[in-house]
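S.K.: Between the sequences and the hints, there should be enough to build the whole structure, so can you do that?
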Amino acid sequence: MIFPLTPTLLSSFSPLALSSSSLPMLKINNIEVIYSDVILVLRGISLSVEQGQVVSLLGANGAGKSTTLKAISGLLLREDGAVTRGNIEFDGQRLDRMAPEEVTRLGIVQVLEGRRLFQHLTTEENLLTGALIRSDRAGIKQSLEQVYEYFPALPALRNKTAGYLSGGEQQMVAIGRALMAKPRLMLLDEPSLGLAPLLVRDIFDIIHRINKESGVSIMVVEQNANVALRAADYAYVMENGRIVLDGTAAQLADNADIKEFYLGLTAVGERKSYRNVKHYKRRKRWLG
Amino acid sequence: MAIMRPSGDFDRSYKQDMTVIRQRWQYILLIMTLLALYTLPMYASEATVSLINRIGIAIIAVQGLNILTGYTGQISLGQAAFMTVGGYTSTLLMTRMGLNFFAALPIAALTAGLIGLLFGLPSLRVKGFYLVMATLSAQFIIPWVTRTLWQDTLNGAQGLIVPVPVINLPVIANQCFLSTTFNAETAQCAYRFATPSQFIYITLTVLIFTTIITHNISRSRLGRAFISVRDNDLAAELLGINPFAYKLRAFFLASVYAGIAGALLASNLRHINSATVGLNDSVLLLGMLIVGGLGTSVGPIFGAALVTLLEEIAVVLTPLVITVAPDLAGGATAALRPLIFGLALMLFLIFEPRGMAYRWNLIKAGWRLRPFAK
Amino acid sequence: MNWQLLPQFAITGFLNGGPIALIALGIVLIFKSSEIFNFSQGQMLLIGTLSTWWFWAEEGLGLPLWAAIILGLTVSAILGLLIERLTLRPMTGQPLLSIILMTLALSQFLQGMAILTFGTTQRNFPAIFEVTSPYKISLPFFTYNNNPMMLILKQNLVWSFGVAMLCVILLWAFFQYTRTGLSMRATAEDHETAQSVGIRINHIFGISWALAGIIGTVGGILIATASGLDLSLPIVVLAAFPAVLLGGLESIPGAVIGSLLIGLTQGLVALPNNDFILGAEAAQVIRSSSEIIPYIILLIVLVIRPDGLFGQKRIERI
Amino acid sequence: MKQIKPVLLLLFIALFALAACGSPAEEPTAVPEPTEEPTEAPVEEPTEAPVEEPTAEPEEEATAVPEPTAEPTEEPTPELRTENLEGETIIFYHFGDLSGPYAAITSPLIHGMEDAVAELNANGGIRGATVEIQFADDGGSVDEAVAIYDRFTSEDDNPLIMFTYGSGEAEALTSRFAEDEIPSLTSGLSAVAFYGEGSGYTFGLGSIYPDQFGAFLDYAVANWDEIKPDSAGDEIKLAYLSWSGAFGQGALTDETRAYAEELGVEIVIEELYDLAPTADTTTALLNAQAAGANVIWTNTLAFGPAALMNGIGALGLQGEFVLAGDNWAMDLATYAFVSDPALTVGMYAPLSYLWWNDVDHPGVQQAEAMFAANERSMTEHGVGYLVLAAAVDVAAQAIENAIDEVGFDALTGVDVQYALTNMGPYEGLQGVLSLDFSDGSRSPHSGQIRQIQGGPDAFNVVQDFTDTPDLRPAK
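Chains as they are written, first to last, in numbering that gives the first Met the number 0: chain A, 0 to 287; chain B, 0 to 373; chain C, 0 to 317; chain D, 0 to 474.
The hints are simulated quantities; they were obtained by calculation from the structure and are not laboratory data. Check the hints yourself; a few may be wrong.
Now the in silico label distances, taken between C-beta atoms and shown as ranges [what the hints assert, rightly or not]:
hint	chain 1	residue 1	chain 2	residue 2	range
1	C	Trp171	A	Leu192	32 to 40 Å
2	D	Glu85	B	Ala172	25 to 33 Å
3	C	Val157	D	Ala221	52 to 60 Å
4	C	Val157	A	Arg96	55 to 63 Å
5	D	Glu85	B	Ile312	52 to 60 Å
6	B	Gly239	C	Gly92	28 to 36 Å
Glycine included, every Cβ here is placed at the ideal spot set by N, Cα and C.
M.R.: And the structure:
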């Protein structure tokens, strides 16, 4: 099903009136994910994203963050995984067991980990693939201009083969491509991966701006809690396939364990050595 | 594949673990089967014997392909081309050098093996689909060579008439024994393997040898190396197995089998030319392997038997189709064979890609675990 | 060597590559989108061409040729869709061998179907182009024994080449300028990403099979107009297979250039004559090698440059 | 490896079993020695026929050495059944190619045989016995042909006659026919099948291709001034443009090369083209032209000559060459593949049978009536139908002669072979096909030269029946 294009949406990225009484647009209820019928990866995950929110999903490697995103976007099916318990709802519609392309057509667009551009297509063609699910010519053109406005570096690269862009440029194109679909919810998988710290900051600034200006809800999966918490409204922390902590970004940023574990700071704000962190990890488990 | 054994059958040593035949009743069964096959000409019709004969030759070719494709994971569309090499070599050895068929057979096998090795060389550089194309080129180049080059010897596209295999026995007390006849030219008693019920003894005997060898390859270090190359050549390399060397060995062995099958086929048909076996036969052999079950020692036997029988069914069905739709009189005979083979292969690929061997194991396991298994 | 025939054979061979290019393109299209090498391309175009004949012939529907061609192409498109849906979609995720064997099995099955439906009799396909009176061109600048060199080009050959190249250009424009074309190019690059931007890749696979059926059939019709129609038509793909690999499995311009090069080489091996430097017998051997020269080129390509002339090396950059 | 030993033991037991109880089949002691004159063979064979009788005990442990001398052991059957065989059946076994390269000519062959047999049965069959046809498709593959042969011989331990037409099949089966003593009539006329090693039971329904080639060369040399292309000189320069394979190369043997040289005909070029309707003959024709050829011989059929004609037309080479081919090349099937019927005009071929346009001939009239009565499609109005209709007549006559000799109950293939070789000059279908195997050859040695002079019904005689040169292989 194609997301109905209301006149307000047609005016491209115009700020939506945010209702404060927001019902969650995405709701994950107690899901369990199993790969290849045998490997249990997620157990009892529940989370929700409200209209216009930026939600971060934090956690170490292998905690199950990406799997959670794939469960939403349907890409799990491609990897022989399945949601075996619980359900995922988007505006009251069940997403689990829906093919990825159909999820995208509902208005949920995922920016895959590692950018994943169409390498032999040009920058502009890559952006246009994002709009393949739309059929309003004028609207697409407008969106394209909007993307170029968000990422001023891109117009100069428009006819360049995407595979030859730098990592940061590729990330911009990937986010721009997602925007071209005019999504209601954008899923970002580790946008900071492999980028220089300054670039990471830029990217998150733009994510913040997109959220504020066009009202797109965003769910970011990150290892880099520092930047992720800065841009987010609400955050969840995952470990070993479970959610172990959640709260507003401010609450989490204040949490002592988070500081110690993810931000690598001691109570007084000093950096800790790697050895200490490791020692700490062994001592302290979230689910002790 | 889980090994399902009757209760009480345990291994107490490595030697026992490697035993092929573990119980007396299996011996008895084996002896009965072999006896039944060897006495086939006594009770079966010539057409049945001829059919079994063709199945036997096909099994040998598929066994070779099984080493290459089933165990080592290299797909080949050239098996029939190497059969051509074997057929020509044995024929030339017999007609030009005057060798006996049984002396020519191993040399033909070796020659085919070496040529196969040559076409296996691209496997050093390419794999998967690209290798398929390299072997496909063998399927074109070898027949072309046989009909274009050395025309004086190979007689071009017309091909060669192949002599009937003969065993010569001495004359004892002015008598020829054992159903042989006197040959004035050599002053010996000759047994000619001319009719299917005579030729089948060659096929069966060779088949028993190749089966034993294949089975032993599959459970030796060589076989395990093949399997490791198939499953993950990088990991195999890390284990100290040179994947290229083993791929080439597999190519060589597969072509040796093809050479044997080709020599048998040529002698059975008494005629060989560049078109005797072709691309279609290579496809047929691969199909047999899939239908029977890749990488199992019973797979080639099941596959070759089923596919050949299906072809026979096509022949049987033809008059039926013609009665139903007389307009098809011309087409039906020609259509049914590829149609049935194609359909059977497609159904196997979709519904039972592990082939008949897998079914067979399920049945065997079910039988042994009776009454506990459903 | 027959030097005076060099331009003649080179150009004839080159033009012969035209219809082969269409068939090769069909194979590349399917491979690009779904990584399936379609060994049944020949049988698909056989059925498409036979249907076209049936719509046109008096024994069949007796329609005008243009209508018959349109209907024939429709049949091949539907056939392509059906094949993808019924036989290859269930194979998703299966190993390479299974998929290769599936298309080989399909080729057998379709051949059987074609015989069962249309019988074994040979057919005369309508001649679309003038059969006799070839184009005779005297070459500027080239002379042989002080005579200007002449090129004799069959009308059929020239026009078939023209139609084939027109199809190639249309196809290129389709990929470059249409949304479906863009979807197909995106799908060819990366299935997962394509799905994540909302492309229904199963539809794309279906479209590639349908398109491959159509352009293959155009090639089949072009060949049939020149030389009649018979159950052995599928063997034309045997020249297309190496052409595809020569050009690079995933490259559309590669398939075209590969086919033309294969045609060119096949033309050139016909050159040696009785005063060939290695002797008359060697000359005859070389002349008769035109059927295997594509496969010799194939072997060379595999050893020297497996990706082919224009094969996509994955752009590796992080 | 210890576990192999018992298996090996078993193997030897089995080998012993093979020797002891195997081989119920009779040894082919009756096969004529290859060095023997073919004519002698049948003389001694009938005498050994009783050995073949199913009543004879096949389980002989030992055979006396030397070979039992051919005693006239023939037991005179008390009363020979030679008439009124109602209720009996005689089967004509037929191998053909419905799915391979020669599919284009197959259905007329089958239909010609079917119609002729139907007519034969309607007129009382062979002395009252009904004739049945068993046809099997071998797809042009020798492999398949042998399998079919095994099936046929297994279902019937006394087959009387078989029909084949693929050259490859005929060559491969020829030693089997001789060993199993089954006469065969074949229209695949490559010399090896008739005169190669171990032959003797294979008879041709036309002159062998080398003879045909020689006959045409004779004609061309004698009439060169009249038939030569305008541009040609006094020398005949011949291009052999053909398919690869037993059939395509069937006319080019050591004997024909020598014969051509003797006649002063130079074979300037040999070229192959694909055995497919899609074959491109451009390079072959231009190379022939460049080599100075003025005559083209092609040993092909249906789309084979059509590919040359199309090429000649499309390249504008009309009038540059004299085109000639084997008997199969001059057929209706060619018209199905030629882009313009006018391109067929002028082609020569030696035929050892009559053609449909000999409308005054009673045999042709009979064939025509049969063709019309069975409402055959005009696309089958070709050589296959005519020749097979005549061949059925020949076969029936030979079997009748054999029945007269030994009676129906004792009838075997040996007797039919004997009858075929001894029936003298015989006019099949009132003379459509005249055969004479009594002179020691197994294929006819005479033929007409015909030329296509506009349309499929104008295969006109330019030289009436003459003897063809005898170019059978030396060995």
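S.K.: Evaluate each hint against the coordinates.
M.R.: Comparing the hints with the structure gives:
Range check, Trp171(C) to Leu192(A): about 36 Å between beta-carbon atoms, so the 32 to 40 Å window is met. Remark: the range hint 25 to 33 Å for Glu85(D) to Ala172(B) is contradicted by a beta-carbon distance near 53 Å. Separated by about 42 Å at the C-beta atoms, Val157(C) and Ala221(D) break the suggested range of 52 to 60 Å. Checked against the hint of 55 to 63 Å, the pair Val157(C) and Arg96(A) passes, with Cβ atoms roughly 56 Å apart.
The hint said 52 to 60 Å for the Cβ distance between Glu85(D) and Ile312(B), and at roughly 36 Å that hint is violated. Roughly 32 Å separates the CB atoms of Gly239(B) and Gly92(C), a value that falls within the hinted 28 to 36 Å.
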